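Here the protein sequences line up with chains A and B, keeping their order.
Here the numbering used here is used: the first residue of the first sequence is 1, the next is one more, and so on.
Here the numbering used here is used: the first residue of the second sequence is 622, the next is one more, and so on.
Treat the hints as calculated values from the structure; they're not laboratory data.
Small disclaimer: the values here were computed from a predicted structure and weren't measured.
Quick reminder that beta carbons are idealized off the backbone N, C-alpha and C, glycines included.
Possibly wrong hints are sitting among the right ones.
[Said to hold, decoys possible] List time: in silico BS3-like cross-link candidates among lysine-lysine, alpha-carbon distance up to 25 Å:
no.: 1; chain 1: B; residue 1: Lys883; chain 2: B; residue 2: Lys932
no.: 2; chain 1: B; residue 1: Lys808; chain 2: A; residue 2: Lys285
no.: 3; chain 1: A; residue 1: Lys542; chain 2: B; residue 2: Lys808
no.: 4; chain 1: B; residue 1: Lys751; chain 2: A; residue 2: Lys542
no.: 5; chain 1: B; residue 1: Lys623; chain 2: A; residue 2: Lys6
no.: 6; chain 1: B; residue 1: Lys808; chain 2: B; residue 2: Lys870
no.: 7; chain 1: A; residue 1: Lys52; chain 2: A; residue 2: Lys98
no.: 8; chain 1: B; residue 1: Lys820; chain 2: B; residue 2: Lys870
no.: 9; chain 1: B; residue 1: Lys743; chain 2: A; residue 2: Lys536
no.: 10; chain 1: B; residue 1: Lys820; chain 2: A; residue 2: Lys542
no.: 11; chain 1: B; residue 1: Lys808; chain 2: A; residue 2: Lys290
[Said to hold, decoys possible] Computed Cβ-Cβ distance ranges for the label pairs, DEER-style:
no.: 12; chain 1: A; residue 1: Val606; chain 2: B; residue 2: Lys658; range: 45 to 51 Å
no.: 13; chain 1: B; residue 1: Gln933; chain 2: A; residue 2: Asp431; range: 57 to 63 Å
no.: 14; chain 1: A; residue 1: Asp302; chain 2: B; residue 2: Cys670; range: 53 to 59 Å
no.: 15; chain 1: B; residue 1: Pro685; chain 2: A; residue 2: Ile107; range: 42 to 48 Å
no.: 16; chain 1: B; residue 1: Thr687; chain 2: A; residue 2: Lys296; range: 58 to 64 Å
no.: 17; chain 1: B; residue 1: Ser929; chain 2: A; residue 2: Ser129; range: 23 to 29 Å
no.: 18; chain 1: A; residue 1: Val606; chain 2: B; residue 2: Ser865; range: 49 to 55 Å
no.: 19; chain 1: A; residue 1: His185; chain 2: B; residue 2: Glu839; range: 49 to 55 Å
no.: 20; chain 1: A; residue 1: Glu289; chain 2: B; residue 2: Cys670; range: 41 to 47 Å
no.: 21; chain 1: B; residue 1: Pro875; chain 2: A; residue 2: Asp81; range: 31 to 37 Å
no.: 22; chain 1: B; residue 1: Lys678; chain 2: A; residue 2: Arg108; range: 32 to 38 Å
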Amino acid sequence: MSNEIKISIGILSIGLVALAAYWFMGEEGDSKKVSTHKRVEEQIILPQYSAKRYSNIPEVKEYLKDLSAVIKSGQAVLPLDASELDSNGVLAQKILLKDKAFLKDTIRNGKPLHNDMMRIRPAIVSVLSASSKTICKTHKCYQAEKYNYVTNTTTRAVVDTDNKKVLEVTNHAGMQPDISLRLTHIAQAIALNAPEVAKELDRTPRRQDMSMSNVRGALQGSPCQNSEHLCVAPTFSDHKNEQALWAIVDLTEMTLAAAKWAGLGKTTTPACISERSLQNRYIMKNFCEKDTHLEKNGWKLDYRLTGSDGLEIINVEFKGQKVLSTAKIVDWHVAYEGKGEADTSGDVVMAGRQVEFVKGDEGKFFFGYNDAMGCPMFSTSVVLPFNGPLVKELYDKDKKKVGFYLTQDFRNPKWPMACNYRYENRFEFFDDGSFRVVGVNKGRGCGENAIYRPVMRMDMAFSDKENFYKYDGSWKKWLTEQSDFQKDAKVYDKDKYLYKITDENGKRGYYIEPNRGQFHDDSRGDNATLFITKFKEGEGDKDLLTLGSCCNLEEDGVERYLSANESIDGKNIVLWYVPRIKNDARAGHEYCWADTVIDSNGNIEVRTFPCIVGPKFVPIK
Amino acid sequence: MKRYLPIIISLLVVLAVAFVVINKKNNQTTKHKTEEKFTIGNFNKQKSCARHPEFLKQLKVTQPITIDLSQQQFKGLAFLWGKNFSKVIHPKAWETYEHFSTYALDEVGNVYLAPMPFISIKPTTFNLQKNIYKLDSKTGKLDIWMNFDDVHPSASNPYGIISLVYDCDDQTLWVSAIDESDYREQKGVVYHVDVKTKKILQRVEGFDALTITLLRSEKGKFLLAGSARENALYAYGVENGVLSKKVNKLLELPSAQEHIRKIKVRGQNLLELQTIPFSYTLIAQTSANNRERNHYDAKWDSTSSTWSLTKQ
């Protein structure tokens with residue numbers, strides 16, 4: 001065989017092998033290409049700081065100062081700075097700030113409402129009416145947009161600057177316009193100063209790394225606060241990792257509303273991201289789908305959000321000793337008093353709840369509903385968690401740090417509108433081993449004659465053999481399941497303790513100190529009913545849908561678990577504690593109430609008058 | 622020169638094979654890319670076999686007639702008719718099975734109804750979500766028509782059977798249920814049910830359809846499905862009465878919170894989509910201006926093979 005033949009065979013062999021490799025390797029390469037396209041898992045960050053943190057940023061401070069001056073002068077519209085306008089724009093602004101139709105929605109009850117002029121520019125044909133089109137063919141026309149922060153309304157006007165005449169004014173309720181350059185800089189400044197953003201980027205964010213994404217098109221719904229606020233999303237791109245951090249800035253509150261990491265690819269970049277849906281997914285992933293462990297000041301516990309029983313703490317220990325198996329608020333019974341005959345012929349729905357009616361004495365009836373708090377998705381709750389559970393320091397009346405508390409805020413999305421509610425589930429842990437289960441109601445409710453009853457369930461964990469006592473001058477042990485009206489008690493041990501629960505030999509245990517207003521939180525007392533039952537599966541150890549009637553004031557719902565013959569002596573027992581609160585809407589005496597007023601900057605200010613209830617558990621020493 | 626001929630031939634052979642291989646490979650990639658975009662082609666509104674119940678004639682009810690399942694004024698279902706739909710037929714017995722979400726009329730006027738949990742959970746709520754209900758065309762009597770043993774609503778997902786549509790081609794019902802799904806996994810089921818025998822002909826798992834409707838296009842028959850989890854419209858192919866296993870995304874809505882609750886074929890390449898926020902809870906959307914409920918026109922442009930969305 002000649003050398004040429006050998007070379008030919010070599011060329012054929014190598015060539016065909018190389019082509020076969022290309023055929024298969026190519027495919028692998030392609031799939032590799034696809035798989036290496038980084039799929040960024042959505043990661044949501046909720047704000048940890050309030051709006052106060054941002055009020056000292058120079059851009060925000062100056063803006064608030066200018067706004068305050070405008071409102072004080074009796075005007076309502078913060079004008080655009082001349083640097084954002086050409087000479088005709090300056091003229092158009094001057095005309096509009098005197099135009100009655102343009103300013104029609106800027107005053108309420110004599111008080112100016114916060115409005116910002118957002119943009120003034122030469123009019124584009126698509127916004128003009130037929131008559132304006134004719135005029136603007138020969139005249140210089142400018143279009144202007146202002147935004148009313150209180151009513152969440154955009155007003156658009158067209159001005160003929162040649163004739164110094166306003167041609168048209170239209171209002172767009174629930175819509176937000178493109179923002180001014182000044183507000184763009186403010187949004188950027190808030191994002192740059194947000195500690196959450198810096199933490200996520202792992203460095204001090206720089207203005208040049210940021211782009212201002214339009215999370216909504218012009219005059220489209222806002223992603224914040226159920227579309228009631230003006231929001232934008234400065235974005236920090238991380239090209240190396242094919243992802244971007246979206247910081248949603250709420251310009252109505254001047255704060256960071258939420259942030260999220262998302263991929264840069266078209267399929268993963270959110271066209272429109274909403275604060276609510278981000279919160280829902282964050283809360284589901286972190287607090288509904290798993291327990292969170294907390295260790296602090298000698299306390300160890302796990303906590304989670306339930307489907308309909310609010311925030312639950314489990315496996316609580318103090319300095320290595322078991323304290324609680326679980327504690328939670330399973331329901332808020334909400335009842336209103338009515339007079340006369342209730343019409344119960346059909347279903348009555350009030351603010352999204354089915355209303356129950358119960359006949360009372362003396363021509364009265366009670367109506368209301370049970371509010372279940374819980375996970376924002378895949379649940380039967382009607383009051384949603386806002387933000388996740390937070391851990392905060394606990395101070396006494398002298399501002400001395402005495403422990404910490406774990407809290408979860410639950411709200412109807414429309415709070416503080418009438419018939420919408422806001423509750424807080426709170427667990428306070430003191431450095432001396434005491435703890436308190438707290439329910440907070442922040443109104444607003446449907447009226448001034450509401451009766452609220454949070455149903456608290458606590459299962460202590462000293463041992464499987466526990467004993468329960470009531471004080472009536474001396475400690476008396478309860479032998480069977482029963483209830484007691486705390487509100488009727490005349491004497492308390494050491495003027496504090498009405499009940500105590502201990503282990504079998506009485507060595508370990510806790511006094512129970514009902515709230516009678518002594519905790520320096522402006523509470524008017526618990527006026528509670530207490531129930532002691534033997535632990536049984538299916539009696540509240542898992543999620544309870546609803547427990548009893550909202551409006552039968554003779555019962556709290558726990559009665560169904562009571563049996564006079566069931567022994568609790570040396571058994572694993574469960575405490576149910578049901579405070580009873582009457583709200584108050586009288587000026588100067590508000591309690592379990594919320595109200596909105598227009599503040600000195602022309603913005604809506606929500607004033608809350610919380611009522612705080614719940615017993616304290618103090619270790620027996 | 623002759624002595625180099627074998628080398629030249631072998632080089633030419635290698636080059637020729639390389640040309641074929643590279644071309645074929647490129648064609649395959651292009652084909653693969655083309656296949657990624659799923660379209661249903663041109664479509665138009667089809668004449669439906671649906672008839673209103675016969676008992677309405679006996680009651681001398683005249684057109685226009687509409688079936689009200691809004692649950693705002695009437696629990697269960699109600700027939701509204703006459704000028705401005707001011708007249709109402711709503712016997713108390715039609716409230717027996719609580720609330721309904723969607724209905725489908727057959728060719729003789731029977732009404733098939735899908736249930737819905739509404740605002741409050743009662744002891745009966747979960748069981749009611751396991752059934753399809755039927756309002757008899759002749760008698761107007763409302764009854765449970767079919768029970769699904771494998772539908773299990775619970776406190777962590779109170780929904781069960783949620784939508785249905787009648788198929789005039791073969792007298793069957795397409796039914797969707799979303800009870801098995803949880804936050805992590807989509808486990809919804811689309812059932813195909815023979816109306817005469819109540820036999821389940823097909824059961825396709827893995828997609829949560831909040832609403833379904835049938836559509837016929839130049840490319841064939843499709844079951845359109847609004848996703849309960851995403852802000853998107855999907856389509857299953859239906860061939861010889863059998864649903865394709867794969868569901869394909871057609872279009873996406875602008876807001877992540879919007880879920881398609883109703884689909885109507887309005888005309889030539891035009892769909893009307895009604896959307897609501899949906900999170901597998903009972904939170905009622907009670908905004909005074911009903912801002913949470915949106916309507917879109919979805920227009921298919923066959924020349925650019927794109928959908929355009931217009932908010933109504």
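Consistency of the hints with the structure:
1. Among the hinted pairs, lysine 883(B) with lysine 932(B) is consistent with the structure: their alpha-carbon atoms are about 15 Å apart, no more than 25 Å.
2. Proposed proximity of lysine 808(B) and lysine 285(A) is supported: the alpha carbons are some 18 Å apart, at most 25 Å.
3. Distance hint between lysine 542(A) and lysine 808(B) is fulfilled; the C-alpha atoms sit about 24 Å from each other, no more than 25 Å.
4. Only pairs whose Cα atoms come within 25 Å are accepted, and lysine 751(B) paired with lysine 542(A) is accepted, the gap being roughly 23 Å.
5. Simply put, lysine 623(B) and lysine 6(A) have alpha-carbon atoms about 15 Å apart, close enough for the 25 Å limit, and the pair holds.
6. Only pairs whose Cα atoms come within 25 Å are accepted, and lysine 808(B) paired with lysine 870(B) is accepted, the gap being roughly 17 Å.
7. Restraint check for lysine 52(A) and lysine 98(A): the C-alpha separation of about 34 Å exceeds 25 Å, so the hint is violated.
8. Under the criterion of a C-alpha separation no larger than 25 Å, the hint pairing lysine 820(B) with lysine 870(B) is inconsistent with the structure, at around 29 Å.
9. Distance check on the hinted pair: lysine 743(B) and lysine 536(A) sit about 23 Å apart at the alpha-carbon level, within 25 Å; holds.
10. A distance of roughly 37 Å separates the Cα atoms of lysine 820(B) and lysine 542(A); the hinted pair therefore is violated under the 25 Å criterion.
11. The straight-line distance between the Cα atoms of lysine 808(B) and lysine 290(A) is roughly 21 Å, inside the 25 Å bound, and the hint therefore holds.
12. Evaluation of the 45 to 51 Å hint for valine 606(A) and lysine 658(B) yields a pass: the beta carbon distance comes to about 49 Å.
13. Taking 57 to 63 Å as the suggested C-beta distance range, the pair glutamine 933(B) and aspartate 431(A) conforms, at roughly 60 Å.
14. Between aspartate 302(A) and cysteine 670(B) the beta carbon distance is about 58 Å. The supplied range of 53 to 59 Å therefore holds.
15. Against the hinted window of 42 to 48 Å, the Cβ-Cβ separation of proline 685(B) and isoleucine 107(A) comes to about 45 Å, which satisfies the hint.
16. Against the hinted window of 58 to 64 Å, the Cβ-Cβ separation of threonine 687(B) and lysine 296(A) comes to about 60 Å, which satisfies the hint.
17. Between serine 929(B) and serine 129(A) the beta carbon distance is about 25 Å. The supplied range of 23 to 29 Å therefore holds.
18. The given range of 49 to 55 Å is respected by valine 606(A) and serine 865(B), whose C-beta atoms sit roughly 52 Å from each other.
19. In this structure, histidine 185(A) and glutamate 839(B) meet the distance hint of 49 to 55 Å, their C-beta atoms being roughly 53 Å apart.
20. Under the hint 41 to 47 Å, the C-beta atoms of glutamate 289(A) and cysteine 670(B), about 46 Å apart, fit the expected range.
21. In this structure the supplied range 31 to 37 Å holds for proline 875(B) paired with aspartate 81(A), their Cβ-Cβ distance being about 32 Å.
22. A hinted range of 32 to 38 Å is violated for the C-beta pair lysine 678(B) and arginine 108(A), which are about 55 Å apart.
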